[in-house]
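J.: In case you want the letters, here they are:
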Amino acid sequence: MIRACGGIAGFLGALIILSLLIMAVLAPWIAPFDPLRVSIPDQLLEPDARFLFGTDQSGRDVLSRVIWASRSSLSVAGFAVMIGLCLGVSLGLAAGFHRGTWFEQATMRLLDAVAAIPVLIWAIALVGIFGIREARIGPFMIGNEVKLMLLLGLLYVPTLARVTYTTALSESQANYVAARRLQGVGSVRIMLSDVLPNCLSPVIVQATLMLALGIIIEASVSFVGLGVQPPTASWGNMLADARNFLLSGEWWLSVFPGAAISLTVIGFNLLGDGLRDRLDPRHNITAVTA
Amino acid sequence: MLSLMVRRAGFSLFSLLVVSLILFVLTRSIPESPARIVLGDDVTDAQIAAFDAQYGLDRPIIVQYLAWLERLALHGDLGQSFTTRLHMNVEVAATLPVTLELVTIAFIVAFLVSLTLGTLSAVFRDGPIDYAARLLAVLGVSIPGFWLALVLVLAFAVERDWFPPGGFVPLSEGLEAHLMSIALPVFCLSVFYMAVLTRMTRSALLDVLGQDYMRTARASGLSRLRVLRYALRNALVPVVTIAGVSFGHMFGLALIIERVFNIGGMSRALLTAIQQRDYALVQAVVMVFTIIFVVANLVADLVNAWLNPKLATS
Chain A
0 MIRACGGIAG
10 FLGALIILSL
20 LIMAVLAPWI
30 APFDPLRVSI
40 PDQLLEPDAR
50 FLFGTDQSGR
60 DVLSRVIWAS
70 RSSLSVAGFA
80 VMIGLCLGVS
90 LGLAAGFHRG
100 TWFEQATMRL
110 LDAVAAIPVL
120 IWAIALVGIF
130 GIREARIGPF
140 MIGNEVKLML
150 LLGLLYVPTL
160 ARVTYTTALS
170 ESQANYVAAR
180 RLQGVGSVRI
190 MLSDVLPNCL
200 SPVIVQATLM
210 LALGIIIEAS
220 VSFVGLGVQP
230 PTASWGNMLA
240 DARNFLLSGE
250 WWLSVFPGAA
260 ISLTVIGFNL
270 LGDGLRDRLD
280 PRHNITAVTA
Chain B
0 MLSLMVRRAG
10 FSLFSLLVVS
20 LILFVLTRSI
30 PESPARIVLG
40 DDVTDAQIAA
50 FDAQYGLDRP
60 IIVQYLAWLE
70 RLALHGDLGQ
80 SFTTRLHMNV
90 EVAATLPVTL
100 ELVTIAFIVA
110 FLVSLTLGTL
120 SAVFRDGPID
130 YAARLLAVLG
140 VSIPGFWLAL
150 VLVLAFAVER
160 DWFPPGGFVP
170 LSEGLEAHLM
180 SIALPVFCLS
190 VFYMAVLTRM
200 TRSALLDVLG
210 QDYMRTARAS
220 GLSRLRVLRY
230 ALRNALVPVV
240 TIAGVSFGHM
250 FGLALIIERV
260 FNIGGMSRAL
270 LTAIQQRDYA
280 LVQAVVMVFT
290 IIFVVANLVA
300 DLVNAWLNPK
310 LATS
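Protein chains in written order, with numbering that gives the first Met the number 0: chain A, 0 to 289; chain B, 0 to 313.
Here chain A stands alone, though its shape is the one from the complex:
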């Protein structure tokens, strides 16, 4: 088990992530209070035995809000990476497999061109442009969280496609592909059942590190008021509220949500580094920035 995560550090990361996932799923049973319960007499109480993390300006329990907020943070980051994976891996795989065709050239040139997008700035600006109100796409009403997920997912596509493409390119030249061709197996089948599994290692590493990044981006966008909208708790919008109480010394409002973000991101980063050591030892570092 420890070896599968690439060592002690990776295993620790996996443990952190697993506990956070359990916490998010079990939030209604674990959280001591309703995260939306407003109680004016309990305003801005320091952490004590009843409110372990203290209370906020509306008397809501900070611990319960931190627990519930893991749902929005993890789901935004998780779905964004899934969208990025679906589109990015298909494009990268198809382009790498059809080496030397106009399709490969056009796709990769375009994706490289789009890689010139600074992700965080675009996420803030685009959510801003579309507005934070619910939007209608066809028959669906989508909230701001979903908008952020879709946007972030699309912004992840170029990187994930590039990673898949690089391995798909060399895998497609391998003898086993030629052998499968001679057996009369169709291209799509070779691509999906033979080439794809061999391309996944670097993609998994990249995706794990992008989950870490997604948590930070969701928190940043929510911090400037454009992500998850109150009263729904997210670690980012809790910090946005906390900013108003910084100078008056209510430290618990800023410390706990931020510590939750850091712990989650540390978890994903440790796991990502561990998986890289285990799955993709040739590349000894993957830099993911935003």
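Hints listed in this document are in silico derivations from the structure and should not be mistaken for laboratory results. Note that the Cβ used here is the ideal one computed from N, Cα and C, for glycine as well. A portion of the hints provided could be inaccurate.
Here are the computed distance ranges between Cβ atoms for each label pair [as the list claims (entries may be wrong)]:
id	chain 1	residue 1	chain 2	residue 2	range
1	B	Thr-103	A	Pro-280	34 to 42 Å
2	B	Glu-69	A	Asp-276	50 to 58 Å
3	B	Val-62	A	Ala-105	21 to 29 Å
4	B	Leu-134	A	Leu-181	49 to 57 Å
5	A	Leu-17	B	Leu-135	19 to 27 Å
Fit chain B to the supplied structure of chain A, relying on the hints for placement.
T.: Relative to the frame of chain A, chain B by itself:
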């Protein structure tokens, strides 16, 4: 070398064209018409038509894009705001220098510290310095800069008054006050990139030091320092690439950090524009950041071609 520069610059231009087209189409595809945003909800159809005609919004989108691109490319004209009627170049010129200063200083700090730390870490591999550097690097890439900013304000501006809790003191009001006002923002801005670049330097250097030609260099009696100098020159290539990307990305984090410290840089321009739904200004600000991002990557490519001429010929 020249052909490489031309090719890279050409691709950067292509990339800017594609990205600016996407940005333009996205900003024009918002659900409500700009006339309604500016003139209010009880606007008549005739007024909307007049507004659209005045700003050329009634033309096909591709014509609008080409007109916008022509003004930007030939005159450096970012356009005019619909709501304030202000010229965007004025707005950007007023706010960009502050952000640019923060980012540039933070970038230099991050680059120098990470180069030193990464080198020490690789040279003394598995020693105490290496472990400390690796631990700090994992923490650095995981702790969000804006939360670090909140915590540092609590610790050093509220509990103790070592630093001002926010605000920006221009250089004209004294060097010391200026440096004190930017010290915390610059530190919070640089930590993440310091960590990323330290990891990159360490791993690239270990990679190069393990190569056969390094063994040959050592075997032929070169001093350790000299060998390290040769190794660094080769190891720098991936570090410079990531440094170029980081410089562009730092503006994104700077937006958030400026908000924590109440610094009136580009973040105020962008967030005010978003609040007033002034999407022409949003588009201008994003375009400026994107141009900076692309240019930073181009510069990194050229530095790499100079560091390793082999890259230029292949």
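J.: State for each hint whether it applies.
T.: Going through the hints against the structure:
no.: 1; hint: B/Thr-103 with A/Pro-280: 34 to 42 Å; result: holds, 37 Å
no.: 2; hint: B/Glu-69 with A/Asp-276: 50 to 58 Å; result: holds, 52 Å
no.: 3; hint: B/Val-62 with A/Ala-105: 21 to 29 Å; result: holds, 25 Å
no.: 4; hint: B/Leu-134 with A/Leu-181: 49 to 57 Å; result: holds, 52 Å
no.: 5; hint: A/Leu-17 with B/Leu-135: 19 to 27 Å; result: holds, 26 Å
Violation of the numbered hints given earlier is absent; every hint is satisfied by the structure.
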